[in-house]
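Based on the sequences and whatever the hints tell you, model everything.
Same order as they appear, the protein sequences are chains U and G. What the first sequence shows, in the working numbering, is residues 1 to 333, in sequence order. What the second sequence shows, in the working numbering, is residues 1 to 333, in sequence order.
Do not rely on the hints blindly, as some may be mistaken.
Any copy will do: because identical chains look the same in the list, a pair fits if it lies in one copy or spans two.
Cut-off 25 Å, straight-line C-alpha distance, at most; resulting in silico cross-link-like pairs (PhoX-like, lysine-lysine) [as the list claims (entries may be wrong)]:
hint, residue 1, residue 2
1, 141, 78
2, 178, 6
3, 6, 141
4, 22, 78
5, 211, 28
6, 141, 25
7, 78, 25
Hints in this document: simulated from the structure, not taken from any laboratory.
Protein chains: 2
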Amino acid sequence: MPELRKDPVLGRWVIISTERAKRPKDFKSSPEKKTVSPEACPFCPGNESATPPEIFAYRESNSKANSSGWTLRVIPNKFPALLIEGDINRRGEGIYDRMNGIGAHEVIIETSDHSMDLADLEINLFRNVIYAYQERMLDLKKDQRLRYVMIFKNFGAVAGASLEHTHSQLIATPVIPKRVIEEMDGARRYFEYRERCIFCDIVVQETKNRKRLISENNSFICICPFAPRFPFETWILPRNHISNFEDATKEELDDLASILKDCLLRLKKALNTPPYNYIIHTTPVTLKGIEFYHYHLEIIPVLTHIAGFEWGTGFYINPTGPEESASYLRNII
Amino acid sequence: MPELRKDPVLGRWVIISTERAKRPKDFKSSPEKKTVSPEACPFCPGNESATPPEIFAYRESNSKANSSGWTLRVIPNKFPALLIEGDINRRGEGIYDRMNGIGAHEVIIETSDHSMDLADLEINLFRNVIYAYQERMLDLKKDQRLRYVMIFKNFGAVAGASLEHTHSQLIATPVIPKRVIEEMDGARRYFEYRERCIFCDIVVQETKNRKRLISENNSFICICPFAPRFPFETWILPRNHISNFEDATKEELDDLASILKDCLLRLKKALNTPPYNYIIHTTPVTLKGIEFYHYHLEIIPVLTHIAGFEWGTGFYINPTGPEESASYLRNII
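Next comes the structure, spelled out in structure tokens:
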């Protein structure tokens, strides 16, 4: 019997399909081979002039900005979805609303090594990626026009990565995204009723029953959520209540780096280097110390197609239950 | 300068990206070749026993159910996402909610001709597809456990079609889908403020200014919407207010068949037989004569990838503005 399960935050039902059940081996991807030479890659050392001037970098103390000698580099996206210069200028057209595309669109080049994937990065370098996310968020928070800073990673062409050199992205928007409003509304309704943060309750329940738990450390748990949209969808949640990613302590960031790296390695091993997206879900930078919302990270391996049913309903048909996904990922060494 | 545009029903912003602007030729797909022989296809005449027994068919008057002699056949999905037999049995697991996967999942085999695509179907046969949609909806409406009937089509493997013989699907759910609730809520808010149906207002504005209009007939207009998620996203809206698809008259259904066929042919020509999804967005079958909501059909060619930004925000970055898409589609003979 297929089962309908409701995401407790968004009220989104997913169908865990038994008639179409798929096991991990049904999804094995073939890893995308890197085909661009470092000489031709705009994200490689020596080619710094091929990108807009850097905003931030971790680099050797005697090296100059926009030259080699870096281990991580943050640059404006050369083809930005939103532009940092200009006025928002909200205006109408009959019944419709529009505004200028003001915002920030940055690229975090995670390593100078073209051959490397994020999952395989040495832990000190991986930590730098997480530190850089927070640094950029703290900086962009100062721009009064921006309401939200979203950090995400697309790995693999079918997951939307247009360049193969490993990188993350940041987009800051002048409006709070629809999905963020929905999550915050859902979490607020739960808080009004129970006077507890729903994400804290998820942490308690998942830590106790353990059947969807993949791994844990001092600051975080890694789980397959109760109502996942996709096979092997995985969430990382802070154990302690913390609403804003930019307020995480260095110790927490180190723990996030270690559990995220571990999770990416498990997915890589389980699914043969699948394409994936991950997104940091956090409180809008204009708010602080929210008691009902709790930042977290969602990882979506790209193994299935979105089709008419998903577009029409906002529901998802998932052929692999989270207990099975979690058990498989948990038991990978 | 990129532009942010808001969907007036859902409040969803999309970024119409100018820095990444793409013209129709940048998207040309290569048509998927059919590789299965009619002998091996479960949807072909002569293989009726390979599917569950038919629910409905248009067939020669002297032919028998589940034998050849049909031009259209509706069958239960052999691997249904939801099952028709059983009780819903809502229940909890700590903070989570679940229920049994009760519902209907049917396949509309649009023609007996394996080589044919829907767009190329002779108009009388195309009309039968639309009639069958309505027939099935009217029948399933009688089942008190079902709250919503969604009709959709996936064309092409990357759009989620798992069999190449042209077909549509119907899924009836025991809950009203999230996306439908969002659309109805948005439309209700507009109605409360203006005392007019927002879809009627869209029809008026688009028919007047014409820059996003692709085609029109007595009963329908075909447009690229003001805030499309995707390049060449196309909507078909009834000119006159009608909330429920199942209440459309035969004349309206004939006009829908003709404008949809025309639209699919334009997309096929413009984009070299792209994969696509379409979905009928209609009022829940449990409601009737709603004054604020207006059924319509949304067509999404699959030309781009959904990535981290879209998953995290619920917003979309669209490299082709609707005025450009519409002008291109309008000018195809």
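ask   = In ascending order, which of the hints set out earlier in this document are inconsistent with the structure?
value = Structure breaks hint 6 only.
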